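Generate the whole structure from the sequences, applying the supplied hints.
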Amino acid sequence: MSTFDTTTPLRGIVLEEQVDISIDDLCAVCRVERTQIVHLVEEGVIEPLPAMRSAAPCAQWRFSGETLSRARRAVRLQRDLELNAAATALVLDLLDQIDALRRGAQV
Amino acid sequence: MDYKDYYKVMGVERNATQDDIKRAYRKLARKYHPDVSKEAGAEVKFKELGEAYEVLKDPEKRAAYDQLGSNWRAGQDFQPPPGWGAGFEQRGGMPDNEADFSDFFETLFARSGSARRAAAGASGAGVHLRGQDHHAQVLIDLEDAYRGATRTLTLRMPEIDAQGHMVTRERTLQVQIPKGVRAGQHIRLVGQGAPGLGEGGSGDLYLEIAFNPHGIYRVEGRDVFVDLPLAPWEAALGAEVQAPTPDGLVELKIPPTTAPGRRLRLKGRGIPGATPGDLYVVTQIVLPPADTDAARAAYQRLHSEFSKFNPRAHLKQGAKA
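Protein chains in written order, with the working numbering: chain L, 78 to 184; chain R, 2 to 322.
Wrong hints could be hidden among the right ones.
[Stated by the list, open to error] Pairwise CB distance ranges (calculated):
(1) L:Arg88 - R:Lys39: 43 to 51 Å
(2) L:Arg108 - R:Pro230: 44 to 52 Å
(3) L:Arg88 - R:Leu303: 22 to 30 Å
(4) L:Pro127 - R:Arg223: 37 to 45 Å
(5) R:Arg170 - L:Glu159: 28 to 36 Å
(6) R:Trp73 - L:Arg88: 24 to 32 Å
(7) L:Thr112 - R:Val242: 44 to 52 Å
Hints were generated in silico from the structure; no laboratory data involved. The model shown is predicted, which means the values in this text are computed figures rather than measured ones. The beta-carbon is built from N, C-alpha and C at its ideal position, and this holds for glycine as well.
As structure tokens, then:
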């Protein structure tokens, strides 16, 4: 069965710096529990927006839309390679460095 | 349906221990994980690996698989033996990404899964669950990010039909790609994910933007880079040349004595947005070929005019005699 929507194209919201999302949004998208997101924040893999960071309970944290990519990547690595949050932080940092080096070599 | 040789996928013997299997999985997973590997086909390899591990790591599934015998070869046409699965109790839950597994896997192991889901659906009166969010990647051209575009996407989504079977439904969507999107950004389409249960609302669809590789442009965040070849005299004397941008050609002033590899910045000509990116034109110097007598004579004249010029002067100091 196939449906085809020939009416107006769908318009979405671009998740970028200006759009912020809650910790529960992040959990829903990554399909994880809050504690896993809290661990990622504790290890510095992802960061809540500065205004929320200091001492605010995690339920009030807001994240930039661009955190989503990084969080999903972190969760995939944790699940597939059975990494803990600290190892995930290291892997993502090294991957960032490799990307930067690759770009440097290319540009 | 093709037979899958899970032992071969994992590179282990049929009599491998559970520890051997785990080790092999970890090693290959690190190698082919799509977030880590840049190898072509890594994603396909990783999926095969995940499926093989799903079966071999679970002693019950492995025993069931082994019962098929070792005479099958990968890719051989396969039909499950009559009465398949009758003697097996599968209590293990299904993995999250079950929809990605092959027909072979589905036939052997997914029956109890669909039955369970059907039961959940039937007894689901009064249960309200929000549908799952779905994710998909959209490949766009760099030019689309400059102008915005409409993309038609065909998504394959697993669904449970009225009889409780897993079916894949194709869905075609037209989506507006807004101007100024960048690689890695997500577009959220509210309510376009999986339908919910009961009165639970539908999930959302998240589209992750990626760029098709471009023949002449490279993209880094908001900034765009393009190589601009120059003739030696253009670089030496300065020139006005046309440079390509995703928005069209621009006139560009090349200053005299422009070195190769110099970056000329065109402010705000990168990917548009509230803070638009910049376009960097990276100069290259291309020598005309010395393939005719006249061309060789021209280089000779250049040589005699620049008899004092030594491009390697700065190397002399460091070199030992």
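Going down the list of hints, with the structure as the test:
{"no.": "1", "hint": "L:Arg88 - R:Lys39: 43 to 51 Å", "verdict": "violated (34 Å)"}
{"no.": "2", "hint": "L:Arg108 - R:Pro230: 44 to 52 Å", "verdict": "holds (49 Å)"}
{"no.": "3", "hint": "L:Arg88 - R:Leu303: 22 to 30 Å", "verdict": "violated (59 Å)"}
{"no.": "4", "hint": "L:Pro127 - R:Arg223: 37 to 45 Å", "verdict": "violated (21 Å)"}
{"no.": "5", "hint": "R:Arg170 - L:Glu159: 28 to 36 Å", "verdict": "holds (33 Å)"}
{"no.": "6", "hint": "R:Trp73 - L:Arg88: 24 to 32 Å", "verdict": "violated (50 Å)"}
{"no.": "7", "hint": "L:Thr112 - R:Val242: 44 to 52 Å", "verdict": "violated (58 Å)"}
Hint check: violations occur at hints 1, 3, 4, 6 and 7; the rest are consistent with the structure.
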